[in-house]
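Q: Going down the list, the sequences are from chains A and B. Counting from 1106, one number per residue, gives the positions in the first sequence under our numbering. Counting from 1222, one number per residue, gives the positions in the second sequence under our numbering.
Honestly, the hints are just simulated from the structure, not real lab data. We treat Cβ as the ideally placed atom computed from N, Cα and C, and that holds for glycine. Check each hint, because a few of them may be wrong.
To be verified - If the Cβ cut is set under 8 Å, some of the chain B residues that face chain A in the computed set are:
hint: 1; residue: H1317
hint: 2; residue: H1321
hint: 3; residue: K1677
hint: 4; residue: K1679
hint: 5; residue: R1681
Stated by the list, open to error - Here are the simulated EDC-like pairs of lysine to aspartate or glutamate, each with C-alpha atoms no more than 20 Å apart in a straight line:
hint: 6; chain 1: B; residue 1: K1422; chain 2: B; residue 2: E1440
hint: 7; chain 1: B; residue 1: K1674; chain 2: A; residue 2: D1233
hint: 8; chain 1: B; residue 1: K1668; chain 2: A; residue 2: D1219
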Amino acid sequence: MMSLLIAILLIGLMSAFFGGLLGYASVRFKVESDPLVDQIDELLPQTQCGQCGYPGCRPYAEAVSNGEEINKCAPGGDSTIKKIADLMGVEAPSLDENHEQDAGPKVAFIIEEDCIGCTKCIQACPVDAIIGAAKQMHTIISDECTGCDLCVAPCPVDCIEMRPIPQTTKNWQWDLNKIPVVEIDQVKS
Amino acid sequence: METILERIKKGRFWQFHGGIHPPEQKFLTTGKPIKKSAIPTELIIPIQQHIGVPGEILVNVGDNVLKGQPLTQPTMPMMVPVHAPTSGTVTNIAEHVVAHPSGLKELCVFIESDGLDTWREKHICPDYQSLTKHEIINKIANAGISGMGGAGFPTHIKVDTKANIEYLIINAVECEPYITADDLLIREHSVKVLEGINILKHLLSPDKILIGIEDNKPEAIDILTKITDSIDDIHVCVIPTKYPSGGEKQLIKILTGQEVPSGNLPSSLGIVMQNVATCFAIAEAVIDDVPLIKRVVTVTGQALTKPQNIWAFIGTPVYQLLNQFGFKPSAEKQRLIMGGPMMGFTLNDDRVPVIKSTNCLLAPTTKEITAEQKEVECIRCGQCAEVCPSQLLPQELQWSAKAKDHDQLHRLNLFDCIDCGACAFVCPSHIPLVHYYRVAKAEIRQKQLADIKAEKAKIRFEARKARLERDKKEREEKQRKASEARRAAMNSKSAEGENAKSAVAAALARVKAKKAQQQEPEEQQDKKSQVAAAIARAKAKKQGKQTESKEAVVTAEPSNAQSNNAESADDKKARIAAAVARAKAKKQGKPQEQASEATTEVSDKPAPAKSNSEAVDDKKARIAEAVAKAKAKKQGKSQVDASEIDVETSDKTTAAKAPAKANTEAADDKKARIAAAVAKAKAKKQGKSQEASEAVIESSNEPTVSEAPAKANAEAADDKKARIAAAVAKAKAKKQGKSQEASENAQQELILEVTADVANENSAPVDDKKARIAAAVAKAKAKRAQQSTEQSTDDVASEEQQDEQQKKARIAAAVAKAKAKKQLRNESQ
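Can you build the whole structure from these sequences, using the hints too?
A: What follows is the structure, encoded as C-alpha cells:
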C-alpha cells in the first residue's frame, strides 16, 4: 500500500516538474510568428490577386498554415502547389478546378481614349500600379503591374484589358538547337 | 620560383583545365587579304549593339545623314551610340530582325545609301598624348566602341577603371574555328593596332602589356614581334592552339596563372583585357576621329565559292555580304551562322544586319556542319568534365537543368559556364549540353527578375495596406474627436442647464414659428410679401413682353389696380408692389411702340388673375400642374384637328378647373394630393371630350376669369404658394416673351398654359416621382407639339399658337427635367 502511494506521489511530482519545465520552455522559447507562414509566403508569387479568396498572398499563406487547401493559387500554378506540398509534407493536389492557370505573364493595359477617369481601378489595384486622378486619364505602370486582373472588373467602361508581356531579346529563352562542327577535307583554294 | 614575367619571357605558360582541338578550318580565308566592301544599298543599324541600354535616336525618317554621323546619343554611362556607316537618307526607323539567336525584332535605323560615302567633318588628332584621359575616354565613348570580341561590353567603361592595372592583355588569340578576322587585321593594320595599344597604355598605365596570340598565326606573330621589338613593356605571348584559349578567364589563366574568382571582374586582379579589333577601333576613334562603323568580318564556309575577310559596314544585311562572295546555298535549308561554329548562333533571316560584335559569318555546307544528330542518353563517360575549361561538371549540370533544379544549378556554379561548347563537342551521345545550360540560365534570370518583381509587389502591397489602415485610423480619429467635441459641448451646456434647454426650446420655437407661418398666412406677411415681390417681378417681365404689342392704357389699368391692392395689404407687399409697378411701367413703355387693341386687354387681365391664382396655394399648384400636363396632351391631340376655337376653349376650361380645384383643395393637404391625381385623370378625359364638345368648354371659360381673383386672395394665404407663384411668374414671363412675338390671339392661351406649366414646376417639388413623370410628360408634350405643328392647318392663328406651344413645351420639358434631377439629388442626400 505504501509503495503504491509512493509511486503515485513520485509520478505526480515528476509530472508536475516536467509540466512546469515545458510550461517555462514554451514561454522562454516562444516563437514570435509562425515561420511556416513566412515560408509559404515566400513561395507564393506575390501577385496579390486575391483569386484564392484571400486578400493577398500573405493572408492565403496564413490560411494554408491553418489548414486551407494549397491548390488555390492560380498565378503560381502547379509549380507553386508542388513547392508548398513539399514544404508542408503533403501530397501535391492539382490546381483547384475553380481556378484556371494563367496562360502566361500579363499586364493590364488601359485603353486611354476610353478612360473616363473614375478612379475605380486605382482603388482596386493591390500594388498601386495605376496612376491617375478623378476625371483625368489613368495609366498603368506596367513594370509594377502584377497582372492580377483586379482592375478589370471595376472599370465601368471596360477600358482595361490584360495583355501578354511581349517577348523581346531581353526575356527570350533559348531554344534547343546546336551547331555541330565536323572536320572537312582541306581544299586548297 | 620564377616570376610571371620570367616565365613569359621564356615562353612557358600556364594551362587552363580542359580545352579541345576542333578542326580549325581557318585555311579557307587566312591566305587572302581583307576585301574592301562595296557600299551596300541598304543599311539596317540596330540602335542597340552592346550590353546595356540603347541611346536616344537623333535622326528622323527622311533625314540626310553623312558617314560617321551619330544616329543615337548616349544619356547614361551604359549607353553606346551608333553611327551612320555611309552617307544617305534615313528611310525608316522600325523594328527589324537583329543579330540575336531568338530572331526577334528590335528597333533599327534604315539608311538608303547615296553611294557617295561623304564623310562628316573629321577632327584628326595625331597627338592624343596631349589629351586628358577624360577626353580620350569621351572620344572612345562617342565613337560607339563596344567590345568587338563577342560580348559587346562598352569599352569606355572598361578602360575607365580606377583599379591599379598590372597587366593589360591584348586578346589576339582567336581560338574559334573558321575565324581569321583578327589575324588578317594584325597582318594588314599592325601599326594602327599598336597605336590603339599605346592609347590604352596611356589610359591605364599598366605595368606590362601582354599580347596573347595562338601559334597557328605565324605571319601575325612575326609582324607583332617585329613592331614591338623596340618596346620594352609589350610582350607577344605565343600560346599553343587550344579551344577556348580566347576566353577572358582562360587567357588570364594561361598568361598569368591567376584565376578570376567566380563572380568577379578581371579588374579585381589588376587585369584589363581588350580585343585586337577593339584596339584598332580605339586608334581610329581617338586619332582619326572615325567612329566604329565598319569591322573585319570573316565570311566563310564552303557554301561560298570565294570565302574571304571583308571590311563590312556595320548594318550591312547578311545577304548583301554573302552575295559578294559567290554564295551558293548547298541545301534547301542553308544554315547561316553568325559568330563561330562553337559559340555562334544560327540566323533565321538573311536580312539580319552585321553588328559591332559580328566577327564571322559562316555559310557551311551540310558536309561541314551536319544537321543535328539525334541526342541519346548520357553514358556518363565523363569526357565533358575533362574538357570543361571552367572545371564544372557538365553532366551534373545537364541533369539539373533538365530537372529545372535551379538551386542545384547554382551550387554547381552554372553561371561560371562560358558557353564555349567544348562539352557538347566531345559528347559521344550528341547531347547539346550548352543549349541546356543556356535555357537554364535564361530561366534562372527570368526567375530572378520575377522574384525581384514579386518582392517589389509585396512591398508595394504592404505599403498600400499600411496606408489604407492609416487612413482608416485617421478617419476614425477625426470622427471620434468630432463626436467628443459635440458631447463636450452638450455637457457644458447641460451644466448650465437651462441654457441647453433654452437652445432646444429656441429651435423648437423656430420650427413652430415656421409651421405657424405656413398655416396662418396672415401672420406671415413677411414671406408672402417676398413671394409676392418675386411674383410681381415676374409678372412685370411677362407683361412687359406681352404688352409690347398692346395698348398702353389698357394694360396700365389692370396692373395698377393690382399693385394698389397689394400695397394696401402690408409694408413688404408695398415694396413688392413698388417693384411690380416699376416693372409694369417698363412694360408699358414698350407696348406703346406697337399697336393692337382688344385682344391685348383680354390677355392682360387673365394674366394677373392667373398669377394670383397660382400663388394661392401650392397644392393647387400641384393640381394645376397635373392639369397642365393633361392640357398639354389634349392640346397636342386637338391641334392636330387644328381649329383655333378648340384650342382656346380647351385651354380656358383647364384653367378654369384648376382654380376651382385649388380652392377646394386649400382645405387640406391630403385632399390636395388626391385632387391632383383626380385632376390629372380629369385632364385626360377632358382632353378627349373637348374634341367632341366645344359648347361645354365655352361655358367653362367664364368661370376661369371669375375664379382668378378669388385665387389671388387665396394666395395671400400661404408662403409656399408665393414661392411657387414666383417661379411660375418667371416661367410665364419667359414664355410670354416668346409667345407675344407670334400673335395676340395666342396670348390668352399662352398665359393659361404658362400657368399650367408653372404649376407643373411647382408640383414637381412635391414629389420626385411626379417630377419624373412631369419630365416625361413634358418631353412627350414637346414631341406632340412638334408633330402638330408639322400638320398645321391653313389658319395662321392656329399655326402661331402651335409654335408657341412648341416653345412652351420645350421649356416645360427642360424645366421638368431639371427639377427631377434636383429632387433626385436632394433625396439621395
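Q: Indicate, hint by hint, whether the structure satisfies it.
A: Comparing the hints with the structure gives:
{"no.": "1", "hint": "H1317", "result": "violated (12 Å)"}
{"no.": "2", "hint": "H1321", "result": "holds (5 Å)"}
{"no.": "3", "hint": "K1677", "result": "holds (7 Å)"}
{"no.": "4", "hint": "K1679", "result": "holds (5 Å)"}
{"no.": "5", "hint": "R1681", "result": "holds (4 Å)"}
{"no.": "6", "hint": "K1422/B to E1440/B", "result": "violated (25 Å)"}
{"no.": "7", "hint": "K1674/B to D1233/A", "result": "holds (14 Å)"}
{"no.": "8", "hint": "K1668/B to D1219/A", "result": "violated (35 Å)"}
Hint compliance for this structure: hints 1, 6, 8 are broken, all remaining hints hold.
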